[in-house]
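Line by line, the protein sequences are chains L and R. Residues in the first sequence are numbered consecutively from 233, following the numbering used here. Residues in the second sequence are numbered consecutively from 26, following the numbering used here.
By construction, these hints were calculated from the structure, which means they are not laboratory data. Everything numeric in this text was worked out from a predicted model, so none of it was measured. It is possible that some hints are incorrect.
To be verified - Facing chain R, from chain L, some residues (calculated, C-beta under 10 Å):
(1) Val268
(2) Lys403
(3) Arg414
(4) His498
(5) Gln502
What the hints assert, rightly or not - Restraint ranges, calculated between C-beta atoms of paired labels, are given here:
(6) L/Ser484 / R/Lys81: 52 to 58 Å
(7) L/Lys289 / R/Gly57: 15 to 21 Å
(8) R/Gly50 / L/Gln356: 18 to 24 Å
(9) L/Arg400 / R/Lys81: 47 to 53 Å
(10) L/Glu501 / R/Asn104: 37 to 43 Å
(11) R/Ile73 / L/His303: 20 to 26 Å
(12) R/Arg122 / L/Lys289: 28 to 34 Å
(13) R/Lys81 / L/Thr464: 52 to 58 Å
(14) L/Gly472 / R/Glu109: 38 to 44 Å
(15) L/Phe379 / R/Glu109: 29 to 35 Å
(16) L/Gln307 / R/Ser83: 52 to 58 Å
(17) L/Met374 / R/Lys81: 37 to 43 Å
Glycine residues also receive a C-beta, built at the ideal position from the N, C-alpha and C atoms.
Below are the chains, spelled out letter by letter.
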Amino acid sequence: MKFKDYYEILGVARTASSDEIKKAYRKLAHQYHPDVSKDPAGEAKFKEVGEAYATLKDKEKRAAYDELGRHPSGQEFRPPPNWSGQQNGQAYSFDDIDLSDLFASFTKGSHHAQQGRNMPIPGQDYELTTQISLEDAYQGTMVELSFTVPEYDSQGQLKRVPHTFKARIPKGVTNGQKMLLRGKGGKGSNGGKDGNLYLNISFLTHRLFRVVNHDLYIDLPLTPWEAALGATVKVPTLQGAVNLKVPAGAKSGQKFRIGKRGMPKHNHEQGDLYAVTQIVVSANPTEQELALFKQLADISIFNPREHFD
Amino acid sequence: MMKNAINIEHSELIWLDEHHEVSMGELAELSGISIEELHQLVESGALIPNNLTENKLSDAWHFNSHCIVSIRALSRLKNDFELEPNVLGLMLIFLERIRMLEHRLNKI
């Protein structure tokens, strides 16, 4: 088990009073709480701060923590023999657990023992983000979810146990959709309910399509002569390619709607696909192509910047 | 380490959006906010059941499931900052406003 210096985490002296500990915690919580801070590292930092506060605000836990002695942060250590954290005959293996698991379990096993031994304790909620492809979101998919949770084994010892299960993501999900899997979080104890798993759906970037709610957008490159003369072009969709008739005189940035070729909605409707035109020229034109463009330049009276004058 | 057996269960999957609903009891259970506190949030106007105008008893109230996200955040903030009950309504209004603004921002 690795040692964590809870005093150092909160930035207080080992002799700090309860009020000083509370004040330091609140200051750091304002800075790092995931519901307040936008710092991506904030959540992990707040977890550490919360863990330190949960132990140091409780007189008995703090005393048991102090008894562990002082070690450099991150150093492997084992609690001393007859450590007061092992109460009620409860022995810990100290394998596969960390300090936070130990002190979370300490509440159940020690100072609330008589009152709380049989109290139902709900399992912890977890939150995961899973990334899926647009194709999988379009037709629905199974995802495998894995995370580790602290659990008691049959000998009553606390261990970190990997949880792996499959969940079906139904079609119709949107990028950023949140879902809840009831009872798939940490195990409850003493008859307490199992925690829930909050699942955030995130779409992988697609090489062709961009997603806006249930609509899809695709860039549609056109040659100058397709734009000038009009053309029927093949446009890929998630349901196979469709022919799109581009009228003569198309401009860059024009949007053509292809109905019901977007993402499915929960009510059996479907979003649309928008093809956005881009007029492009070859980066490596042949001599003959260049000659023809030159000829066009010589005879054309078209001035696209007329309105500048 | 041995992996747990893989379970395939999807009957308990709840969509958290404006198209799906949860009951008062489910909201309390899933968010960690008590029924009494939910009552206070409704009384303060910070939380509005979908069927409030139908003269339903509070047991029959239902809410858009997306509010689980904000009320769960409210529950975390309440516990982590040891907030007084009388600020919860105000905080929920701000949380919902942030959620809506972020949602609109993501659409741009």
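Hints, verified against the model:
{"no.": "1", "hint": "Val268", "in the structure": "holds (8 Å)"}
{"no.": "2", "hint": "Lys403", "in the structure": "violated (12 Å)"}
{"no.": "3", "hint": "Arg414", "in the structure": "holds (4 Å)"}
{"no.": "4", "hint": "His498", "in the structure": "holds (5 Å)"}
{"no.": "5", "hint": "Gln502", "in the structure": "violated (15 Å)"}
{"no.": "6", "hint": "L/Ser484 / R/Lys81: 52 to 58 Å", "in the structure": "holds (55 Å)"}
{"no.": "7", "hint": "L/Lys289 / R/Gly57: 15 to 21 Å", "in the structure": "holds (20 Å)"}
{"no.": "8", "hint": "R/Gly50 / L/Gln356: 18 to 24 Å", "in the structure": "holds (21 Å)"}
{"no.": "9", "hint": "L/Arg400 / R/Lys81: 47 to 53 Å", "in the structure": "violated (33 Å)"}
{"no.": "10", "hint": "L/Glu501 / R/Asn104: 37 to 43 Å", "in the structure": "holds (40 Å)"}
{"no.": "11", "hint": "R/Ile73 / L/His303: 20 to 26 Å", "in the structure": "violated (53 Å)"}
{"no.": "12", "hint": "R/Arg122 / L/Lys289: 28 to 34 Å", "in the structure": "holds (32 Å)"}
{"no.": "13", "hint": "R/Lys81 / L/Thr464: 52 to 58 Å", "in the structure": "holds (57 Å)"}
{"no.": "14", "hint": "L/Gly472 / R/Glu109: 38 to 44 Å", "in the structure": "violated (59 Å)"}
{"no.": "15", "hint": "L/Phe379 / R/Glu109: 29 to 35 Å", "in the structure": "holds (34 Å)"}
{"no.": "16", "hint": "L/Gln307 / R/Ser83: 52 to 58 Å", "in the structure": "holds (54 Å)"}
{"no.": "17", "hint": "L/Met374 / R/Lys81: 37 to 43 Å", "in the structure": "holds (38 Å)"}
The structure is inconsistent with the numbered hints 2, 5, 9, 11, 14, although it conforms to all the rest.
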